[in-house]
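**Student:** Spelled out from the first residue to the last, the chains are:
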Amino acid sequence: MLQRTDASQRGELYRVKLAINGAPHDVEVAPWVTLLDLLREGLGLTGTKKGCDHGQCGACTVLLDGMRVNACLLLAVTCDDRAITTIEGVASLEPTAGGGLHPLQDAFMDHDAFQCGYCTPGQICSAVGLIAEGHAHSRDEVRELMSGNLCRCGAYSNIADAVWQVLRDGTAGEGGR
Amino acid sequence: MPPTAISQAPGFVGRPTRRVDGPLKVTGRAKYAAEYDAPGLAYGYIVSSAVAAGRVLAIEADAALQMPGVIRIFSHADRPATATADKAWQDEVAPPGHPFRPFGSDEIHFALQPIALVVAETYEAARDAASLVTARYEVTQHRVDLKRERATAYDPPEKRAGIPPPPAPRGDFAQAYADAPVKISADYVLAPEYHNPMEMFGTTVVRNDDGKLLVFDKTQGSQNVKAYLAGVFGLPEGDIRVVNAYVGGAFGTALRPNMSAVLAVMASLALERSVRVTLTREQMFALGYRPHMEQTVSLACGRDGKLLAVHHDAVSGTSPFEDYQEAVVNWSGMLYACANTKLSYALAKLNTNTPCDMRAPGATSGVYALEAAMDELAHAAGIDPLELRIRNFSERDGNTDKPYSSKALMLCYREGAARFGWSRRQLAPRSMREGNELVGFGMATGVWEAMVVPVTAKAILSADGALEVSTASSDIGTGTYTILAQIAADAFGLPLERVTVRIGDSALSAHPVEGGSWTAASAGASVSLACAKLKEQALARARRMTNSPLAQAAMEEVAFTDGRIALAGDAGRGVSLADVLRASDLGHLEEEASFTPDEKLAGRYASYSHAAVFAEVRVDEELGVLRVPRLVSAVAGGKILNPKTARSQILGGVVMGLGMALHEEGLFDHDLGRLMNHNYAEYHVPVNADIGDIDVLFVDEHEDKLGHLGVKGLGEIGIVGTAAAVANAIFHATGKRVRDLPITLDKLLG
Chain L
7 MLQRTDASQR
17 GELYRVKLAI
27 NGAPHDVEVA
37 PWVTLLDLLR
47 EGLGLTGTKK
57 GCDHGQCGAC
67 TVLLDGMRVN
77 ACLLLAVTCD
87 DRAITTIEGV
97 ASLEPTAGGG
107 LHPLQDAFMD
117 HDAFQCGYCT
127 PGQICSAVGL
137 IAEGHAHSRD
147 EVRELMSGNL
157 CRCGAYSNIA
167 DAVWQVLRDG
177 TAGEGGR
Chain S
-2 MPPTAISQAP
8 GFVGRPTRRV
18 DGPLKVTGRA
28 KYAAEYDAPG
38 LAYGYIVSSA
48 VAAGRVLAIE
58 ADAALQMPGV
68 IRIFSHADRP
78 ATATADKAWQ
88 DEVAPPGHPF
98 RPFGSDEIHF
108 ALQPIALVVA
118 ETYEAARDAA
128 SLVTARYEVT
138 QHRVDLKRER
148 ATAYDPPEKR
158 AGIPPPPAPR
168 GDFAQAYADA
178 PVKISADYVL
188 APEYHNPMEM
198 FGTTVVRNDD
208 GKLLVFDKTQ
218 GSQNVKAYLA
228 GVFGLPEGDI
238 RVVNAYVGGA
248 FGTALRPNMS
258 AVLAVMASLA
268 LERSVRVTLT
278 REQMFALGYR
288 PHMEQTVSLA
298 CGRDGKLLAV
308 HHDAVSGTSP
318 FEDYQEAVVN
328 WSGMLYACAN
338 TKLSYALAKL
348 NTNTPCDMRA
358 PGATSGVYAL
368 EAAMDELAHA
378 AGIDPLELRI
388 RNFSERDGNT
398 DKPYSSKALM
408 LCYREGAARF
418 GWSRRQLAPR
428 SMREGNELVG
438 FGMATGVWEA
448 MVVPVTAKAI
458 LSADGALEVS
468 TASSDIGTGT
478 YTILAQIAAD
488 AFGLPLERVT
498 VRIGDSALSA
508 HPVEGGSWTA
518 ASAGASVSLA
528 CAKLKEQALA
538 RARRMTNSPL
548 AQAAMEEVAF
558 TDGRIALAGD
568 AGRGVSLADV
578 LRASDLGHLE
588 EEASFTPDEK
598 LAGRYASYSH
608 AAVFAEVRVD
618 EELGVLRVPR
628 LVSAVAGGKI
638 LNPKTARSQI
648 LGGVVMGLGM
658 ALHEEGLFDH
668 DLGRLMNHNY
678 AEYHVPVNAD
688 IGDIDVLFVD
698 EHEDKLGHLG
708 VKGLGEIGIV
718 GTAAAVANAI
728 FHATGKRVRD
738 LPITLDKLLG
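As they're listed, the protein sequences go chains L and S. Quick note on the working numbering: the first sequence kicks off at 7 and runs consecutively. Quick note on the working numbering: the second sequence kicks off at -2 and runs consecutively.
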């Protein structure tokens, strides 16, 4: 239940309880603050990226109770009592790859599935969600179901390879250094 | 001093190597410009012009100023003083003209031009207040329709530095064309394209207590932005430092200093506090772009396919205030051998911001038209399109009559064709099908200038044996961090983890903007030279050590491995670098070195990278639905430093080329003079599902005139030719020639 905590000149603030990457956060937030801006500006979790702020590019993809969502399209106040996983917490979901990384993180490096790196956190969170959904059974389906995440550097085929490999094998494999 | 940096084996150079910045990027720890925090950070939000041409009569900001949290609203009517001379606003890569000055006057040159900046305590307050700012305008007639403005086209009086104007005519085009047995002539139209890197422009200005500014900016040149900001605001160079450690894509759009940097610094100086300004995706469409282009190409050949006449004319859009120029038609005078050529290029003023170099500027546009026309000529002559190109292979650059420093394009043709299965192509269009789909094979040549520029780099060896190399370069996703680490690691025989690469900071050694595909060859060479110089110093100190086993050793006789210098044939006879430092009583060893292009060689040779692109398209015969299931890009780019990141560079170019061929199109409302599709939902870029198999192969090419690394750079060659290969494949599949890009469903069915 949301509690209105303040009716100061800055506008009404609401108290929101979030579990972000397993850690409880108790924040006061104006009702018009998006989850994305709360993460980036309010909590310093800048791993989640802003690419359009309109739900058109997927750069801000995070996991909300395990489902992939665009954080720019969610108001923070609607996320009370929800669990959020951002790129900063993805590794702790399945830290099986080298260096305590998630297999997808390792696979992205192995397949060179990024260049500038700006869409990458969203791609990886989206891929975590995709695998959990269980709808993708081929590389072509991975391509289709990863199409909500734009990559202007054009790393698409490497992204498809990385995600498909983890989906199929559960690991990043040994494709390079 | 012979550079020895990349001669040692086994090493990292030439081997597929993971990006050294990968761990930071896959964990979200790589910080981009808008992600730095500062105490008391204020937020700026830009208000954009609603009209395309005219004058701002009044900014009405009272309601916005009433909003809680709003600090101040800047506009042309209320802003701190800035430099008055154009020269101060002319950055390192500015074209001729009067550079745009945000809030410079009441004049409106283009829609979405910034007219006000709302600064507030929070991002939300600034955004909401900005929505309350309105303006009254005096509206004048805008010009955004290049087709109409073609009649007003002019030869730019002042030429842009570094861009060769079209060469003078050779032979007699008109006579040769008239007499030739086979000829074609056609118009090719390109829609404006927008770079749209995933990271929107943003600048965080952190103001220190002493008033000095640390500017985190999205740019391809920290030193370019620093010099520009210092000039614009009259700041001592020592009072400003620009950092761009990570750049979320750019593709050319961050070559010139951006409005977010100007406005953030303006607000920071006026308010004496730290400020962040970020653009919206809509505002990203108010930046420089790949210009509209209207082109006419006329080609003629003999029955044998030998080119007899080449004419290429292009008219490109530019802004009302600058003459942006590219080399568009020049490629038609050099890519194939021909004695009779006539090339011309003109500009028409449009109410847009000044176009800005976008991935292989000029070549992407011009070579598209040439290579589509070559396909038309091949069809007219009844000759295989690949064979036509081979028959017209140029051994010298026709524009300058210089020999090529290297040109393995023939290998690209042969190996690319073999990999693709070009021999299975039926000559006649519309002759291949599978089920409901028409199948087409198309190909095109790609070419891009291979350039090197002066770069200075520093190398520092610490007592613990770790090596740091640095230069004010930028990595916009290109892999610069990684290749510099590879080069440095090989120089000292170190594992990659022992090497730190520092780039993206104006405080580092001199480096021009990162663009033109020159960074790998130039920054790479400078790092290699700095390492070589550092090794000389280390060996000289080692020789002087008491009872040194290396007392008589020359550089050729020693090897640097794992923090030691030892005789090449006797690893036991050597000293550790830590001991060298200790003996010299130094905490570290340091050298700086500059790479300078050999102007004499550059005067004698023409240097280009080349590619041959082969594409298969499939078109649903009834629905017109089109896909590109596979594409082969065979590239001659000199020595490949890192096949893994090099391949990605080409993939990226190809994907943007597919966007150009099939998706990307800025659509203007000619009544309002505004772009209609200024967002990712309506300005289509390729998505994962659009991209089929892309096979990249690098052919063997030995280059020794462009610096000792033998590298040509790969950031741009991947896009050149790609759109033409796809368009030509579409003709081959359907028999329908669509010359206006992008080739969308309506054009295919219409």
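By construction, these hints were calculated from the structure, which means they are not laboratory data. This one's a predicted model, so the numbers in the text were calculated from it and none came from an experiment. Ideal Cβ placement from N, Cα and C applies to all residues, glycine included. Treat the hints with care, as some may be off.
Claimed, not checked - Derived Cβ-Cβ restraints for the label pairs, each shown as a range:
(1) L:A138 <-> S:R579: 52 to 58 Å
(2) L:A138 <-> S:R570: 57 to 63 Å
(3) S:D184 <-> L:H60: 34 to 40 Å
(4) L:H143 <-> S:E57: 55 to 61 Å
(5) S:E234 <-> L:S98: 41 to 47 Å
(6) L:A138 <-> S:N674: 31 to 37 Å
(7) S:T137 <-> L:S98: 29 to 35 Å
(8) S:E234 <-> L:H60: 37 to 43 Å
(9) S:Q63 <-> L:R145: 33 to 39 Å
(10) L:D146 <-> S:D184: 46 to 52 Å
(11) L:S98 <-> S:A504: 54 to 60 Å
(12) S:N674 <-> L:R145: 28 to 34 Å
(13) S:G299 <-> L:R145: 25 to 31 Å
(14) L:D146 <-> S:D206: 44 to 50 Å
**Student:** Given the hint of 52 to 58 Å, is the C-beta distance from A138 (chain L) to R579 (chain S) inside that range or not?
**Tutor:** 56 Å, holds
**Student:** Does the Cβ-Cβ separation between G299 (chain S) and R145 (chain L) fall within 25 to 31 Å?
**Tutor:** 48 Å, violated
**Student:** Quick one: are D146 (chain L) and D184 (chain S) within 46 to 52 Å, going by C-beta?
**Tutor:** 38 Å, violated
**Student:** State, for the Cβ atoms of A138 (chain L) and R570 (chain S), whether the hinted interval 57 to 63 Å holds or is violated.
**Tutor:** 59 Å, holds
**Student:** Check the following: the C-beta atoms of D146 (chain L) and D206 (chain S) are separated by a distance inside 44 to 50 Å.
**Tutor:** 57 Å, violated
**Student:** Within 34 to 40 Å: is that where the Cβ-Cβ distance between D184 (chain S) and H60 (chain L) falls?
**Tutor:** Given about 36 Å between the Cβ atoms, the range holds.
**Student:** Mind checking the hinted window 31 to 37 Å against the Cβ distance between A138 (chain L) and N674 (chain S)?
**Tutor:** 34 Å, holds
**Student:** Take a look at whether the Cβ-Cβ distance between N674 (chain S) and R145 (chain L) falls inside 28 to 34 Å.
**Tutor:** 31 Å, holds
**Student:** When you take the CB atoms of Q63 (chain S) and R145 (chain L), is the distance between them in 33 to 39 Å?
**Tutor:** Given about 56 Å between the Cβ atoms, the range is violated.
**Student:** Within 54 to 60 Å: is that where the Cβ-Cβ distance between S98 (chain L) and A504 (chain S) falls?
**Tutor:** 36 Å, violated
**Student:** Kindly confirm whether 29 to 35 Å is satisfied by the beta carbon distance between T137 (chain S) and S98 (chain L).
**Tutor:** 59 Å, violated
**Student:** For the hint 55 to 61 Å, verify it against the beta carbon of H143 (chain L) and that of E57 (chain S).
**Tutor:** Because 58 Å falls inside the window, the suggested range holds.
Violated hints for the displayed structure, listed by number in ascending order: 7, 9, 10, 11, 13 and 14.
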